[in-house]
Each structure stands twice: as C-alpha cells, then as structure tokens.
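Protein chains: 4
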Amino acid sequence: MDFTPSATSREWLARLQDFLARYVLPHNAAWQGDAAKGVYPAFMQDLKDLAREEGLWNLCLPMLAEGEPGTRLSNLDYAPLAEAMGRIPWSAEVFNCSAPDSGNMELLQRHATPVQRAMWLVPLLEGEIRSAFAMSEPDVASSDPRNLQTEVRREDGDLVVHGRKWFITGAAHPNCRLIIAMCRNAGADAGASHGAHSLVLVPLDTPGVEVVRNIPIMQHASLDGHCEIVFRAARVPEANLLGGWGEGFALAQSRLGPGRIHHCMRTIGQCELALELACDRALERRAFGTALAQQANVQEWIALSRLEVDQARLLVLRTAWALDNGIPAQQLRSDIAAIKVVAARLQVRVVDRAMQVFGAMGLSPDTPLAWLWTWGRALRFMDGPDEVHLRTIARCEFDKARERGGSSADYFTTPEQMAQEPRVR
Amino acid sequence: MDFTPSATSREWLARLQDFLARYVLPHNAAWQGDAAKGVYPAFMQDLKDLAREEGLWNLCLPMLAEGEPGTRLSNLDYAPLAEAMGRIPWSAEVFNCSAPDSGNMELLQRHATPVQRAMWLVPLLEGEIRSAFAMSEPDVASSDPRNLQTEVRREDGDLVVHGRKWFITGAAHPNCRLIIAMCRNAGADAGASHGAHSLVLVPLDTPGVEVVRNIPIMQHASLDGHCEIVFRAARVPEANLLGGWGEGFALAQSRLGPGRIHHCMRTIGQCELALELACDRALERRAFGTALAQQANVQEWIALSRLEVDQARLLVLRTAWALDNGIPAQQLRSDIAAIKVVAARLQVRVVDRAMQVFGAMGLSPDTPLAWLWTWGRALRFMDGPDEVHLRTIARCEFDKARERGGSSADYFTTPEQMAQEPRVR
Amino acid sequence: MDFTPSATSREWLARLQDFLARYVLPHNAAWQGDAAKGVYPAFMQDLKDLAREEGLWNLCLPMLAEGEPGTRLSNLDYAPLAEAMGRIPWSAEVFNCSAPDSGNMELLQRHATPVQRAMWLVPLLEGEIRSAFAMSEPDVASSDPRNLQTEVRREDGDLVVHGRKWFITGAAHPNCRLIIAMCRNAGADAGASHGAHSLVLVPLDTPGVEVVRNIPIMQHASLDGHCEIVFRAARVPEANLLGGWGEGFALAQSRLGPGRIHHCMRTIGQCELALELACDRALERRAFGTALAQQANVQEWIALSRLEVDQARLLVLRTAWALDNGIPAQQLRSDIAAIKVVAARLQVRVVDRAMQVFGAMGLSPDTPLAWLWTWGRALRFMDGPDEVHLRTIARCEFDKARERGGSSADYFTTPEQMAQEPRVR
Amino acid sequence: MDFTPSATSREWLARLQDFLARYVLPHNAAWQGDAAKGVYPAFMQDLKDLAREEGLWNLCLPMLAEGEPGTRLSNLDYAPLAEAMGRIPWSAEVFNCSAPDSGNMELLQRHATPVQRAMWLVPLLEGEIRSAFAMSEPDVASSDPRNLQTEVRREDGDLVVHGRKWFITGAAHPNCRLIIAMCRNAGADAGASHGAHSLVLVPLDTPGVEVVRNIPIMQHASLDGHCEIVFRAARVPEANLLGGWGEGFALAQSRLGPGRIHHCMRTIGQCELALELACDRALERRAFGTALAQQANVQEWIALSRLEVDQARLLVLRTAWALDNGIPAQQLRSDIAAIKVVAARLQVRVVDRAMQVFGAMGLSPDTPLAWLWTWGRALRFMDGPDEVHLRTIARCEFDKARERGGSSADYFTTPEQMAQEPRVR
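If you're matching them up, the sequences are chains A, B, C and D in order.
For the first sequence, full-length UniProt numbering assigns the number 1 to the initial residue and increments by one for each residue that follows.
For the second sequence, full-length UniProt numbering assigns the number 1 to the initial residue and increments by one for each residue that follows.
For the third sequence, full-length UniProt numbering assigns the number 1 to the initial residue and increments by one for each residue that follows.
For the fourth sequence, full-length UniProt numbering assigns the number 1 to the initial residue and increments by one for each residue that follows.
Everything labelled a hint here was simulated from the structure, so no lab data went into it.
Watch out, some of these pointers could steer you wrong.
Same chains, same names: a pair is fine if it fits in one copy or spans any two.
What the hints assert, rightly or not - Straight-line C-alpha distance at most 16 angstroms; calculated EDC-like pairs for lysine to aspartate or glutamate:
id, residue 1, residue 2
1, K37, E421
2, K48, E151
3, K48, E128
4, K48, D144
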C-alpha cells in the first residue's frame, strides 16, 4: 500500500493548476456575470484554444488503443485533476472535460459505428459541439429504470421516440447538438429492466424534439441547462441506434464508473474550496471579543470538515484504483454506490459549515458558497437518490453475509457457554 | 498510489486470523465468564505459550536495530493485525500486544538505561509481567497537561512521587508490576508544559502506592482494570527516572503515534464485527411480514456503517503510512488527532445501529454489542476528549490558511467584478 | 391555552420534592451501594412507611369511583411528580409508584374479579408485594405481537402456560409474587393479533415457572431485575384469567397511555438532572485557560439540551392533557407513539453531552450519568423499538393525508399556471 | 394547564383560512410568475382591499389603548394566524401583516411623536406605504451590536447618517418609503452597546441614500428585496430621531419578542406544508415495487417531521403565552432565543426530508420546497446566527446553576458514601 500519487499525475496536476490560476480563475467573476444574464461568455473560445495549445485537452478520455484519441491517464491519475477543476465548475469545458460530454465521448468511442463516430464523436473531441444524455422522466421514479416510459419503436426503417424527459444536463448549451436518449423498447415487458431499453442518437434539431424549459435547480438556472425535453414521435434513421437493440441499460451502466469518479472528485475539490473559504473568514472575522478562529464551535466545524473531506477523498481514490485494477464486481459495485452517497452528503455538510462561518454573506452570490450548497443538495439526486445507492450497498453486504454463513454467532456468549472451562490443547 | 496490502502484511494476517479462529475465539465465552467473576482465566498462559511457539509474539514491537527484539513490521503492515485482534479485545494479551504494554515496551526500548531494561523491559518482552502508564488525574482536566498536579521531587538521591491518578489501564491485572508515572517536577512553573514533567518508574509494590479501586467504565469493571491510584510520597531511587529530568512530556508524546494506530485499528475491527452481527441478524429476523434485511431503514444503517468504516480505515492506514514515511509534522499531527476522533465516534455510531437491529438482545451480555457500544463511548475520552483533538486539527488548518495568505478571496465575485469583460490574451 | 400548572399539581409537587430532598436523596448513595452488592436496602421499608404517613402513596393510581382507592390526580397533574421521581429512579418504590406495578394495579382495578382483587390488588396497593408484566420473548421480534409464541391452553379447568419471556422488569425484586403473562391462545391463528391473546395471572412460585436469570442491561444488573423467565407447562386455575379469553391484546394496549406518560416524564426528570450536572461541572472545570462554561462548544451543548428538553416536556404534557380530555384516537395514538421516541432519544443525547462535559469522570459510577446514558439506550427498546412507533406516527399522517385528498398539489406552480393573470373578483 | 386554543383565536383562524383558500391560494402561481419577472402583481391591491373589507387587516397589531388602532389579539391568539399565513409567504402583505412593517408599526405606535405618527404610522396602517429596518452591515459581525459602524451625527439641527447596511428586507418593494436606521452615535465609545445607538427615520428618497442592489438569497432575488443600502452623509431633520438619543439599542430589543413569535409560527406553517406535500407524494409515488409510503425510511422521515414540528410549535406557543403573561425576563430571554434556533433548524430539516421524497422535482420551482429549504437556511442568520442565540440560552442556564449553588453534586455517589448505611429516622 502506498499513498504517494504517481509522478504522471502530479505533473499533469501541476500544469493544470498553473493554467487554472493564470487564465481561468481571473475570468471567474466575468463568467458568473455573463451566466447570470444567460449569455455564453465571449472569452470561452479563447480559453479553449489556449488550453488545447498547451495540451490540456480531453484529459479524462482514456486511450483505448494506440493511435486512438485520448490520454494515457488512469482513473486514479485523473482524479486529482477532476478535483482541481471542481473548484471552478465551468472550467471543465475549457479542457473539453464537461459532463455529460466526457461520458458520452467514451460511450461513442466504444460503441459507435464509423458513421456515428464521424458524425458525433469527432466534433465532440474537437470541442465543436456539446451533447446531452437523457434518462430521468417527470412522471415516474426514474431511479428504478423499470419505470421509464419514454418509448422507441421501429417503423419503416426509422426509430420513433416518444416521451418526456427532464433534468437533462447540457441541453441548453448553445453548442448542444446531440441527445443520447434512453428509451424503453416498444413492446418490451412492463417492469423489465435488462434487455428492454435502447439508446438512440437524437439530433437536437430533429422535428418533434422540443426543449420545453431550462429547469432552475434550487433557484439557479444554469447556462448549460438542466432541461425538460419533449419527444413527440421524433423520428431518426435506424442507423442512429447506439449499440444493439435492447443494450441500452447495459451501455448506460458502463458509463457509470468513471463518470462517478469525476463528479465525486469535483465535489472533493469544492469541499476543499469551501474549507479554505471558511478558514480564511474565521481568521479575519471577530465577534464577542475574539476572532472566530479562536471559538471552539468554529474550530470543530473546521476540524470535522477536514477529517470528513480527507476520508471521502481516500474512498474515491481507492474506488478509482479499483476501477483501474480489476477489483471483483461486488466490491466495485458497492464502492461506486458508496462514493456517490458520501460525496453528495459531504458537500451539503461542509459547505453548510462554511456558510455559518460567513454569516449572511454566505447567502449572497458574492461567494461560491450559496451555489455550492444548493448544488450539493442536487447531487443527492443526480445519478439516483441516496436511497437507491444505500440499498445497493446493503445488498452487497447481505450477499457477503450469506457467503460467510452467519458466522458472527460464534461471537455470542450465552450463560451456558460462559460457564464452561475449555482446554487449549 | 496503490491500495494493495503488502505480501508481508497479508501473510502475517493470515497466520494471525488462523490462530484466532482455531484457539482464541473458541475460548471467548469462557474468558467472558471468568472475567465476569473477576477471575484471571486459567487457560491464558497456555494460549500465550502456543502463540509464542507459533511466532505470533510481540508483533507490534518495531525492531530498532539488527539483533534487537521486535518484528520488522511497519505500522502500515501491523495495522490489519491490530484490526483482527480488535474483534476479540482480550486476544492482544495472547500475543503480548496489550495496551499499554506495547507502548511502554517501545518507550523502554528507546529510553531505558541498561539496568532499567534488564529489570523491566526483559520481563515485559517475555510476557512475564504487565505494566501501566499513569497520566490522568481526577482533580483537573488532564487533557491539558499543564493542569497535572501529581508531583515528583528529588530528595536524598530518591524520587518522591505524590498525587492521585485515575483511569490507569492495566493496574488491576494480576501480573502488573510497574507504573510509569507522569509527574510534574517539583518547583516547575504552574501552567508550564514542556520541560516541566518527568516520567518515573514506580514498582507497584512501592510503599505509599495504593490502587484504591478498579473504576467500572460504563458499568463494566474490566479484568485489567482502569484504576484509581494514590501515591502518598512514594519513594523510588533516582535511577528510576525514565529519560531525563523534564523530558516527560516529550517522551509521552512520542508514545502517541503508533499506539493511536493500534487502537484505531482495533476499533475498525470491532466495527466490522458489529456490522457482521447486524447483517446476520437482519437476514434472520422478521417483523411486520418481512425480514429486517428487506426494510429500507435497516438497509440504510448497514450501508452507512459500511461506507463509514471503509473511510475510517483508509484514514487510519494513510496515517500509518505517513508515520512510516516521514510525512511533515503538521500533516501528521493533524492526522493522528483526526483518526482518534473518527474512530471513537465511529464505534458508537456503528455499534448503535447494530444494536438497533438486534432489538433488546443488543442490551444483554449475550452479544459483544453492549460492551462495544459503551467502550466506544469511553474511547471518546481515552487519549483526551474529542474536543482536544478537533482543536488540534483546526489549528493545523488555520496554520495552512495563514501560509496560503487568504487567497480564497480570489473566488469572491462582487457585482463590480461580474460586470467586467476580461480578455484572455 | 394556558401553560400554568394547576394548583393541585403544584401543591403535590412541592410536598413530593420536599420529601425527596429530606429523606430520599440523602439515602441515594447507600441505596446504590446496596444495589451494587445485590442487597435490598434495609431502610426501604422505613422510607415507605414514612411516605405513606405523609400521604405520598399510590400517587399515580386514578380514583375510578368515589370510595375506591387512588388519588384524584389527572395524568397532567401527576406528570410533574413523575418528573421529580425520575431524578432518583429507585424513589418510585418509596411512594408505591414503581413500574410495572402502577400499570398492573390500574389493570387489576379495572378488570380483576373480586377474588383476584383481594388476592393481588390489595397487597399491591399496600406495597406488600411487587409484580411483573411478561410480554417480550427472546425468539421473535416481540414488538409485533403477532409473533408472540408463549402459549396458554385450557386443560381440565386449568390454564397451562408454556414458553419463554425475557426482559421482564421487576421479577428479581425480593417481594415479587405475581407475573401477568401475555400469552397466545392455543389454537389461535398464527399471525393473528386481536382476539388471539389472553392475560394470565401466574404466581411466581407456580411449579414450572423459573426465573432463569436477571439479564444485565448494558452491563448493569438492576435490583428489581429484567429477567428471563421460562414457563414449563405452568398450571394455574382458570380463575387466574385476567379479563376475558382473547382480550389480552386489548387489555395490554389499555395499559399503555398512562404508563407511557409516567416513564417519559421520568426521562424528562433525568434529562434535567443531567443538564444540571453539566452546568455545574462546566462552571467549575477549566481547560486551556478558561472555564468550560466560557467555551462555545460547551455552551452549545447546554443550550441544545435546554431547548430539546423543554420541547419534549411540552409534548408529553400535551399528550397527558389529551389522555385526560378525550382527544380523538388517531391523534392520541400518534402522540403516544411520538413521546416514546422523543423521550428515549432525548435521554441518550442530553446525557451524552453531559458526559462530555465531565470528561472521564462521566464514565465512572461516581455520577448518575453512566447509568442514565445506558438506560436511555435501553429506553429505545422498552415498549417496542423506535422504529415501530415511527411507523405508527407515519401511518397516522398518511391517514390524515388521505382525508385531505392530496390537496397539497394546490401549492404546485407549473410554468403554465405561473403565466396566468387571474382576477380577484 | 390547558392546550385548547381560545375561541377568539379559533374564530379568527377560520375566517383567515377561508380567505386564504378562496382568494389567495388561487393567485399563488400567478404571484410567483410575476415575482420571477420582478413585477409587482397587479391583483395585489384588489386582494388587500378585499381583506380589509372583511376585517382581516392589521391583525398582528396590538391595541395599546381603547380607540387606538389594532386588534385585541394576544400573541398567543395571533400565533395560529401567523402559521396559516406562513404557508403562502406573500400573503402577509394582503392583510398588512408583512415583516418588517408589523414590527415597525408597533415601534412607531409606542415611540413616535405626533408628527412622526401622522407622517409614517398612518400610511403604514393604511397599507399605503411599506418600510424597512436597517441593522446588518457587511463589514462587521452585526450579531454583536457593539460592532456596528454606521454612524449618526448631529449637525446644524440635522441628523447625518453615514455607513453601509445590507440584507435590509423590504427596501426593494415599490411602495417602500421609509428606512428605520440603527446607527452608532458619533463619539460613542467603540465597543459600547447600551446607550450608544439611535434610531433614525430616513425617507428612502433622502439624498445620499442609495439602494445599491437587491441581494439574491441562496440564488433567489425576492420582490420585496433584501437590499444593500449606502448612506452617504444622508441628512434628515432632528425631528426624525425615533425615541431618545442613545435609546436605539433598547428600542430595537423591544421589537424582538412579538416579531420572533410571528416568524417562528410562519416557519411552523411552512413545515406543515412541506410535511403535507411529502405525505401526498409518498402515497402517490412508487419505486422498486411499492409506494414510497410503504418504505420504512420514508415513514421515518414523515414521523420525525411530525414529532419535531409538534414540539417546536408547542415551544413557540408557550413563548407567546409567556410574552402575554409577564413571565420573568431570564426565562423569557432564553425562550425567545430558543424558538429562533429551533424554528430555523426545523425548517431546513423538515423541508430537506420532503425534498428527498419528491426526488428531482423537489429541486425545481414547481413545488414550494426549493424556496422553503433555502429560506430555512437563511433563517439561521435572520435576527442573528444560531450561535448567538445558543450562547444566550447557555448563559441563562449558567445563571440558574449559580442560583442553585452547585447542588447537583448531591447526586454524586462516591465509594465512601456508597459504603454507608444511613438511618431514616
């Protein structure tokens, strides 16, 4: 066991941090200003060009084979980079590492036909277009995929998509061109999960596709959008099927692991930022005759945040390492569920404490805290609510318990057993 | 970064687990039965002999130099062994790894004179005697060492110790022969910490030393004891000074790190056991028509315990690794404080959930849970209350913040800044 | 609405508090000393005689009709008396108000035949004997009464009881003579609840009845006992049936309300005591240069305990008032469940904070805190685990929701509705 | 003690609830739509006229003397009305009961000169104008009034106000005409509190007064506004002093009690609404094969919310009763602090649970939950952060402890005391 980050990872991190400090952070306020007005910042293209020139591009894309696009960074190596980007959430786009594009690109890389690759993957890799992944639906508890109702049927060599999705991230971005839609196959058994869904590549300008609204999340309408989208018998060619008919669920699952690592590490980065903000404020602010930093309750908030963040980071890094190293599926499934719950709850808690250090200023848009706190709350639903993941973890534990065969009863000590006097040999 | 345990560690662990399963666990109920009657178990010596024969002896003792006693196990390698022993708390004695002996042996190894070594270290290494370390006092908040009042004065070539200590672990063991007493030097400034204390080797049978009582902890009087001890002008030769006059505080500090790792890993082991017990019970017990394992609240308890235990273990292991690898003192000091808080609180929480799965049986002595829960509560005071450690962590964070120089303000976004339109190059 | 206690209640409270201060508290340490040795205190009879002389006797027994035994105190009037007694838990016996006798006496008063009254109620009212109520069983989740397995069958004009009970409070008291046993009727449908159980008056010295052990609760074996009892075809005359055949469940339910008020108010009293202890300690103890009372974290513990205790007391008092004033059953059922959960959790929390103020001394038997904390934990199972009561409360809420007919949707604001411009008239 | 609401209170409540259901709730969506666009709703004046016609006007204003404006409702009687209004936060304005107008009107009623009354109180009572109360400042921890820096100096028969305030509620309302500004007297000792401040009536259109911005709170810019206001040597006549020179702090304190009751009851109303929303959703939504209402974790959320809301309401009502009935100041000060902490934290907790029942919809603006949750967070700062109030409560407890004189030590049981055998008489 060795807790030293690899040289590769440290080197990339240093380059990234330098770029963030020099070019991105100084644009943060202006970006927020534009975003508040709903305007896509004019300087974004310049930043993207600069990042690409410096080789900080498509960092999270694995290299599947020699000559293919992507970096050689493992999930474990990339993790600290995600953490660094998390501190300025819009910075991921600068490096072409935005969600859900990163996951979509990996999906296309693995499963797209040559035509699909040329049409969608290449411009995504170039940062020319953005994309969305449409899963959640307003009318059902979407965390249980058997509930999904948006339907795809085959008709005259076309795929016809019909239904309503919401909280579709990225669909309001001015460059968004593609929706990967998770659909129930027409005629599939109600209540079935595996084999019953397909993924369809739906261009955003397909007739019958309407982005109804950009839903504000906790009173914040983001620039990229979390959108409600209606598909009214939207028709695309059969060639727009991604992977096989009925493989939708399996493909969606395969997106999960790396994406989960990325967003959990972004959370860690945001928590570190909140902790830094809290420390600086506590040192500077005085009430009732002493600096807040001298007051035992504030000290406890700081300390608890430190030890919680450190623990969470280690769990995410171990999961990244497990993904990279072929750990058995049961443990991996449990860990990937665990980091989701840990990270989302952590963000609410750590940012809440930081806000309390700030006083009313923490409510204002003058610090990142108001957004970070409400976003932390939203994270408790992203990729499914906490409860779904806790259930997964529990089921893995129960499976392990069944394998052990109830052996913990060996630790019981009944009055009868306690009265015995056994011999060692 | 690599999360694979070393081959050495895995190998020792396998041997230890095998021994525990074959010899120790089958004696657990009988041990509890004897302990409830206050009787030192007759079979203990046999178990110790057997463990020693199998080479499972003094496992936690570092080898300071070639030829010296001790193993080659690093803190990181030893950690899983401590976890395994934690599941049967009295098992540590079988392997001569009990607290506070392990810390005392390391202290004597490093600082004892040849005479002191012969007199105390050798029989401790042989498992012939036990020892205690006397720090806490009833009349002051002992977590602040400046408060300690037990005094040592030099008189006629002797050291005279006067004062009252309590919660002195191990002093009720039938083989206990030695107390290492932390004393304030007579004449030292009130309120001073560094340089004001000395460690004195006080044989338990010294006239004036009285073990007043074995204080029950949460209604449990342990066999080894957590004792109240009065020193009434107890007189020992000057040769019984351990280390230099005034070095007591520094030496006591040096004991901290490895001992902390051990007891935190024992906690982890106990939490794992509680989790196993809870899982097995939840699978077997039914209420309101379904197995508890099917009920969402029970599932959440199991899942939360799993993810909290995993995070805590990683933090302790990283701290063990840091101890072994010369990590900067500021980070190490913070981590050693952090694992104390994390582990103690974890035990209360995880065991509490397990008890709730068990229902009233969890209150009884038939499972390890009642002891584990109350012991978890006691851990929140052992080595100082949580609050002292949280304060340490916070102060380390504030030091880091001062080094950063308040840079988090770069993330503020005032209305004026938001209205700017900066250029990238 | 009026929050002033009645004159009656205040007057009785003053007399009780005076008696407690003058006679009971001064005997507390001696009582604890005897109890630790398992000895019934010699002075108890004197205290009982004295209390009876002063008219402080059977305080919690309602007067069902003119001339019947009992006081005129309502549940609301009695509540503060229960709070006062709670501070010295063994004091209830001094006033013949111990659980489960108080509930058993009320049950006998309402449902016993004249012969049963003469045989059991009269000596209970005189304080000559003690009694127990046997419900919980080791082999099933007893909080779901459909699970109970102890069986009663009618045979040759006798009732034959067979089964195993545990955690039967009071059965170890030297004066205990009677067990009221909750039994499943032989031949009743498995899984049935109403109509399937009967209450049987089983003298403790009935052949076949064995008190197997006094189960320590969280390592504390109480003087009165929480006992495991085996009924091996124990045979009593049919005249020992209490109430009708099959009425056991309904009668057991009727015991619930007042008993719940009593024990919740005792909890409140214990929490107040813990808070007083914490305040006094915080004022007197110093660490790191200031009194604990000056430290913000300690202040928060004190303040949170104050506001939680006050809220809990109000909820219990309102429930007592509701019991006295014929509040609708749905609300009452929910409230009686609520106070159980609130009180038990409160005790763990408030006492935990007080212990933390005390440091290690809080673990010792020198203060009431160790017992109070572990007892608080046990309260989370007494009368059924928290989860059962939370379920009851939730079901009452869902019933109310069904009655409202989903009207909360009137508060939704869809984009379409938000675009309307309605007229007022 | 009697928990029945008075007939007066029930009667007013019925009339108010009827009005809310018939006229206000049907306008809620349209109001939200206008507010989202920053437009003051056209129908508001009609609603106000209608409410006034029906006598539902100035409900929270006490009648100080016969013939004076105001109602006869006590704080306790008014409390349920505040709870009812809380469900639709903007409804208070319909009944001329908005904060901070209600507190400002009471202040003017008690302390304004005849000229001030004519100029400000009369149009406020008529609902013709709105007002603000300016306390918090961006540059200091304003919860400690000794920190306030906005200064008033007397100059040439004028009062000159200079400084910066923020989070000034109501200042963005189109009808706002008056700011009551809390100022430090020029020349007052730095760090002084009592006697060092004055209240100045500053018309909003005074030269030098600038409403710099309406600060969004947790990403929500309210229609009434929480504004940042700069006073640049704003000059008003000396006749605009409210109360005496140096009485500012005492007057501001006197506003506290009733206002606190109102806003805490509004919180209770909002929590009840959140609980209703959660119940209805849990009954209707299914996941993993059952309705959410059947799942044990959801049941626990519902039940905990119920019992927490009930407890909080009782505490607020008792405080209202105490305000009405001359309870001693120490207890009252503690209670008024307590309800602030209880209510604010309750709202975050109860609404959080409701959101979790809703899934992602809870993040959207389609339900009241997103606003309720973020507003609950803001409440933890309104009227001072939790920590200030917890400190107040703790200090009251310590005062009580000092009065008791450390008597809790009578409950200690040392080994020596336990060995005694005392006699009763």
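Starting from the hint list further up, note which numbers the structure goes against and sort them upward.
-> Hint check: 2 and 4 fail, others pass.
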